[in-house]
Structure formats: C-alpha cells, structure tokens
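Protein sequence lines, in the order shown, are assigned to chains A and B.
The first sequence begins at 0 in numbering that gives the first Met the number 0 and counts up by one.
The second sequence begins at 0 in numbering that gives the first Met the number 0 and counts up by one.
Worth flagging that the hints you see were computed from the coordinates, not collected in a lab.
These figures come from a predicted structure and were not determined experimentally.
C-beta atoms are modelled at their ideal positions from N, C-alpha and C, and glycine is treated no differently.
Do not rely on the hints blindly, as some may be mistaken.
Derived DEER-like restraints, expressed as beta-carbon distance ranges [what the hints assert, rightly or not]: (1) B/Leu120 to A/Glu389: 46 to 56 Å; (2) B/Glu220 to A/Glu402: 17 to 27 Å; (3) B/Ile201 to A/Asn93: 55 to 65 Å; (4) B/Ile171 to A/Asn375: 34 to 44 Å; (5) B/Leu334 to A/Lys237: 48 to 58 Å; (6) B/Glu220 to A/Glu37: 30 to 40 Å; (7) A/Gln84 to B/Gly127: 55 to 65 Å.
Counterexamples of contact, computed for chain B against chain A with all Cβ distances above 10 Å [said to hold, decoys possible]: (8) Gly153; (9) Val157; (10) Ala178; (11) Ser179; (12) Ser311; (13) Gly320; (14) Arg331.
Here is how the chains run, residue by residue.
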Amino acid sequence: MIYLPPGFIRNRVFDMNDNVLEIRNLVKVYPGVKAVNEVSFDIKRNTIHCLVGENGAGKSTLIKILTGAETRTSGTIRLNGDEYQVKNPKEGKNKGISTLFQELNVVDQLSVEDNLTLGMEDTTFGFLKKTKKIKKMIEVLESLEPSINPKQMVSTLSVAKKQIVEIAKAVASDADIIIMDEPTAAISEGEIERLFEIIRSLHANNVTVIYISHRLDEVFEIGEYVTVMRDGGHIDTKPISDVEGRSELIKMMIGKTVFEEYMPKDEQSSEVVLQVNNISNHKLHNISFDVRKGEIAGFYGLVGAGKTELARAIYGADEYQGEIVFNGEKLEQSPHGTIKAGIALVPEERRSQGLFTMLTIRGNTTVMNMKNISRNGFINSAKERKITAEYIEKLQIATSGSEKEVAKLSGGNQQKVVFSKCLFANADMLLLDEPTRGVDVGAKSEIYQIIRELAEEGKSILIFSSELPEIINMCDTIYLLFEGDMMCRLENGSDIDIEAILHTAACGD
Amino acid sequence: MENKTGYIKRAVSSMSNETFISLFMISVLIIFFGIACAIVPNFYLPMNILNLIMNYWYIILLGIGVTFLLVTGNFDMSVGGVIAMTGVLAVYFSQSAEVLKNPLAVGLGLPYGVALALALLCALAVGGVNAFFIVKLKVPSIIVTLGTMMLARGVAQVVTLGAQRNTSLPDIFGVIGNASIPGTPIKISVVIMAGLVLIAVILEKTTIFGRRTYLIGANKEAARLSGVRVERHLTYLFLASALLAGITGILMASEFKAGISNRATGFEFDALVITLLGGTNINGGFGSVLGTVVGALVLAVVTSVATGMLLSPDWQFVLKGTVTFLAILAQRYALDRRKG
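Same shape as in the complex, but just chain A (with noise of 0.2 Å):
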C-alpha cells in the first residue's frame, strides 16, 4: 500500500499491453431474460475503456456483476490474471474494482476526510486514529483537485466535487479499475472539462476506467477502447480510433433492424383528442402537444430527460402550471380525475407504482373500475372473477388461475397485469411509461401487439421510452425530451433520422 504522486509507476510491474481484465462467455440469466449472453471481451491496461449500448443491452447488468451486486450465472472473469469471483460489492473493492455510481455514496453530513476514511477507520480504544492511510488519502485527494479542503463538509460540495473525492478514495485505496457509470449526467459543461482531466491523469495511478455513457461525444473525446453491447450480446471492441465516426458506432449500437417494423397507417384521423398547452414545473419547461385520436405518439430522450415527468403530469400525478384539456374539457391535476376523464397509466416502476403485488391478479385487474364491478358500494364477486378471467385469456397471462398473487408472476407477466388493470379502466387514451422495461422478448412483442390493436380500436396511446427502437417501430409521432424542453416532432416514416434522433437526445442540438 504505498502511494505514489502522479508521474510515477507503482511498485507492482505490469507490461503496458497487457489486459487487466478477461472475460469469457459471460452469461447472466434471470427469469425469462437473459441479461447477458455469452459476453467475452478484454480491458487493457491502463485504459479508458468505454462501454456504450441502448437501455437493454445488458451493461448494467454486467457492471453489477463485476462490482458483486449480482452473481454471474455462467462464465469466468480474470483480473490481473486471476480468477475474479466476489460475492458481494465490498469484496470487489477490496479485490481492486471500485464503482462510481450515478446515486453517489459518499454521506453529506460527514466532512471530507471522514468521508474518505468510512469504513476503514483504525481505533485505539474506539477513538479514531490518524494513520498513514487517511494521509494518503489526501495527500491523493490533494493531486486530484487542490480546492477541496479536507475539513470541508460534504455537503457543502457541488456534485462534481463529491464524485472527485469519491475517485480520489478509490485511487488511493489501491484499485486496478475504477467503473464510473454516467459520470456526467448531473454536471455542468467546466465541470465535465475538469473531470475528464482527472479520468486521463489517473492513467498515472496505474488506474483503468471503464466509461459508460450515453453521450457519445464523451466516449469520442475521452475513450481510448469502446465495447458495444446490444440485446445482452457482445458486438465489437476496438480502440476508438477504429471507429469511423458516430454513425458506425449508432448503427453497432442499434443494428440494423430498426425500421422493418413500423407501418404507416392507411389514414390518419384528424380528431385532436388531447391539447397540452404550456405546460411546466420543477423538471418540464413549456411543453405543447396535440394528440389525434388513434395516434401512437412517442416521446424519447435519456434518463433525466424529462419522459416520466411528462407521463406523470398528463396524469395529474404531479403538480404542473398551464392547460391540458382532453376530449373538450379540461383536465383536473389528480389521478382520480384523469382516469374519470378516460386516460390510464402505466407507470415506470410497476412493482412500486403499478401493482400490489401482495394481492391477488383479481385484486389488481379491477382496481381502477371498481364501479363497475360493484352496485351501491357492494362488490360483485362472480363478475369480478369473471372479468379477470377474461384479461387472462385475452392478453395471455400465464398463471394457475386469478387468484395467484402478483407476486409470485414472472415481470411479463405481471406488466400484462398492469395492462389488464389500465383496459379495464375504460380509458380512451393510455399513457405507456417504458411500457417494456424488464420484460423478455417474447412479452415484449405481445405487448406491441396489444398497443397496435388498441390504436387501431381508436385508443390514443402515448409511449414514454427510453429504448429508441421501441419508438420507431411503434410510433406515428415522435417527440425528442432533452432536460425538460421538447426539442421537436418529427413524423415516422422511411425517411427518419436515427442518428440525428440520438444527437439531439444526447447533446440537445
């Protein structure tokens, strides 16, 4: 454990080309989905290595198992060599791979140094002790980035700094790989310039990086390798100066399917069933749309982009200024109100926003009509049975009967109860929150079917997805969300632009 300042090479003597991590035949399957298939590729030394693919791919998946969330289901990973197997993400640290999550874990009520030191603190009849290994630390801290004052609370720290001292531990407690997964997404523009400083200076520290973002800029400017990922699956890595350019690496990233999907209606109908007229609040800014009746509408953009926000709004889940009026009238700012009004919603988080998952399929799929299962108050139970066992014959749910808990249903499964739930409300207009997310492929393409028979009724849906080839097989509109602004439509067809989409999406332009 000797540290030494930037500019020099550790004690420990590696040659320069070799890998510092090997994986081989990857395999992570949960129920239904398998999250990584058959992944093999190698990280060099004293790299930046940046790991790109669509929400889906698999990269988080395979960043959990490196860091120990998760276990691997099959396969073998070698760091330095040797065979890397942890249980848990403490034990990853201690074996030389540190993360730098999105959702930081450094603790704002602690000051700097002590924050660097959680954990690993020596005591002395349970008094802190003051050892080589906090100087180290901020002796590292120090080279980092001078202006952090070690006395320093936290809190006080803009988020930038906070990830800076977050580095500034895992370098000085000796890791081989420092993952940092969308370092930039809640930094400014001087901020981001600073950071990619320090990412590059860390080579001096015998540090590799693995680099994920969705900003492809980013990989271009500060990568050095890239590995794509897509559907769990390995595509290619190779050094960036490999790549001819953003389109190769969207095209990797997306494949080349895209399209085939999508069927433009034969007519369209010119009914405008939803006006949203300005509306804003703590995340959306000035946001207008109309929606014509029958109309699949599709809002992308990435995480922080504003979807869930806009979903939640309409909805009347959140709190908004300005006007939104549905078929004439409008729209009152509750859920009770909005789903009276003839619009439903299927949330983003379905098993803590969509279902109760302690109840049974019957408990869930009425919920949101209980007038008509009821007469004066009272719950018809024949005909509650009745109707729950027609949505599971008719969106195909598998399950022993209607009286299964949701919890014990597979995540296709139980987002087909959410979709029970949300057409037996009647509505005339749903609104879709990543209507796919955590659901296998075969799941997924029913689900596109009941969206595509729905419009076809004269449903109008809107879909709130990250997952771009999602939006461009299903949707006849599409609007781009970057922070909060609506940045434009365009309308579906042969002719659209994909890396014109995933442009705008990630740099806002």
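Based on these hints, arrange chain B on the given structure of chain A.
Just chain B now, kept in the frame of chain A:
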C-alpha cells in the same frame, strides 16, 4: 403419508398470507384454550366462554377502528385518551347547571341526547386533528396520535380537575351502559359491539370502501395512481376510529354513571395488541376485523387463566406481555418459513 404432507405443503404455499395467518392464530387460540381447560377447572363452561367475550367488548370495539387503520399502515394511539375525554365531556354536558358548592357537580345541563351528540363531536374533532397532521402534513401517525392521546386525556383531566364527575346526573345517563337484553346477562354494550363488528366485517370484505383500505396498505403510491383518493380515505378512517372510541367512552361512562379522567389508560395498547394478535400486518396490506376478535379472545383466555391460577395482578402484565410477544414472534417465524 408422504403424499399427505406434500399435499398440505402445497395447500399452505398456495394460500394467501392473510388466510395463512388467520388459520395460524385460530390454532393458537384453540391451543391456548385447551391448555386453559386443562389447568383451570370448569373453564370450558359456555358461560365462561361468553364471559370472555363480554368482558372484552370495549377492546374489541376499539379494535375495529385500529384494525382498519393498521391495514392501511397507520396507528391510532389516541383511542384510550378519547374514551376518557368523551366520557368526561358527556357527563359534564349532562350534569345539571344549578350552581352548587362543589364545582365538580356543576355541568352545562344540556338535554341527554344533545350532550351525547356534542361529546361525540368532540371525539370526531380529535380524529380530525389526527387526520389533518397525518394526511395533510404527512407526520407519522404514531407521533401524531401519541400527541392527541395526551391532549384528549388532558382535556379529561382539566374538566374533572384531575378526578371524576359523578353527581347531579339525570337518571337516564346510567341506563345504556348497564341495561341487558331482558332475560339474559348480555349487556346492550356487547350487542352494540357485536353489531359494529358485523358491519365492519361486511364493509371490509364486500365493499369498495373495504377494498380501498387494503389497496392503500398494500401500496399507497399504486393506490393513488390507480385513482384511489388516499387522503380522503385515510381521513374517513381516522374519524371513524375516533367515533368508535367516543361511543366506547359514552358506554363506559354510563356503566359507572361517572366521568373518570384516568379511565381506559393503556387501552390503546390493548387494542393494538389484539389487532396484531389477530394477524394484521404491522406494515399494512392485510388483516381482518374477525382476526382482531380472535386476538381479543387469545388475550382474554390468557388473562382469565392468570386470574384462575390466582396469579397476583402484578404478574398479569408480565404474562400478557410475554404471550403477546411469543404470539407475534411465532407469526413472523411462520410467515418467513412459509416463503423459504
């Protein structure tokens, strides 16, 4: 034999948690009852069993409201205080307004019906305060209701100068709490309790209102996003719980023909204990009023055994506490085992 255990295992694992816990607590009741019959002579006599229920009518009555609230994941610790306050106020409102030397004998002289109605309104007001802080200001229910518990008890203390009011009451005041069904020892209070339990069971299992209660407990956010007006529903439940406590307070004041400021001390805990013994989940989501009645019987059996064994009253708390603890631990253990 092996097939049989396999079948039982399957049956158990296909049961909902609620059914499982209810059956579990009924078995506990039967076992306790068996032990009681074995060690206390004549314990099995029907009269004894009837007495068990009748002596616990007030806790069961309170348990109704507490159960509904606990199913939604909320506590109501103010019920004991509300009993004392409502009882004392009902007495104070009915006492004659004639000026006498003893200030505790002078009331407002309101007609009996008006006095009761006003006292119940005051109970509802406490429920309203609970609802306001918990629902609107999002303060945890345990904190708010511990506050109103003190507040209500304080009002009772102030009105009785820390003692009790028991003079210059109209004769009718003592009727309802002491009257029985002619020809039987069953008191009107017990009949009221039984009627309210019946209504609660129907409300809980067969109506939209009952269903919403479970939805809120199972997942408050999903309930809101499914169109349940969570705030309004919780307000109703806090008002109902306070009203039930108010009714209990009036019945108890009538029984003694007195408003006593330290009446019903600790009842909020008894009501919570029988609710938990009855299988209601402390985090909400499942539970039932019938379970609470079973819980009350478990507690009643234990207490009577203690009395039957001539255990000194000092030891009764220890016994009650131990049994409660064991029953709830067993429940938790059984639930976890079932999942594994």
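Status of the hints after comparison with the structure:
1. B/Leu120 to A/Glu389: 46 to 56 Å: Once the Cβ atoms are compared, 48 Å apart, the range 46 to 56 Å for A/Glu389 and B/Leu120 holds.
2. B/Glu220 to A/Glu402: 17 to 27 Å: holds, 24 Å
3. B/Ile201 to A/Asn93: 55 to 65 Å: With Cβ atoms ~60 Å apart, the hint holds.
4. B/Ile171 to A/Asn375: 34 to 44 Å: Given a distance of about 36 Å, which is inside 34 to 44 Å, the answer is holds.
5. B/Leu334 to A/Lys237: 48 to 58 Å: 53 Å Cβ-Cβ, so the 48 to 58 Å window holds.
6. B/Glu220 to A/Glu37: 30 to 40 Å: At roughly 38 Å between Cβ atoms, A/Glu37 and B/Glu220 fall inside 30 to 40 Å, so the hint holds.
7. A/Gln84 to B/Gly127: 55 to 65 Å: holds, 59 Å
8. Gly153: Label holds. Min Cβ-Cβ 37 Å, cutoff 10 Å.
9. Val157: Per Cβ check, B/Val157 is outside 10 Å of chain A; nearest 41 Å; holds.
10. Ala178: holds, 33 Å
11. Ser179: holds, 33 Å
12. Ser311: Check passes; 44 Å lies beyond 10 Å.
13. Gly320: holds, 29 Å
14. Arg331: holds, 16 Å
Violated hints for the displayed structure: none, as all numbered hints are satisfied.
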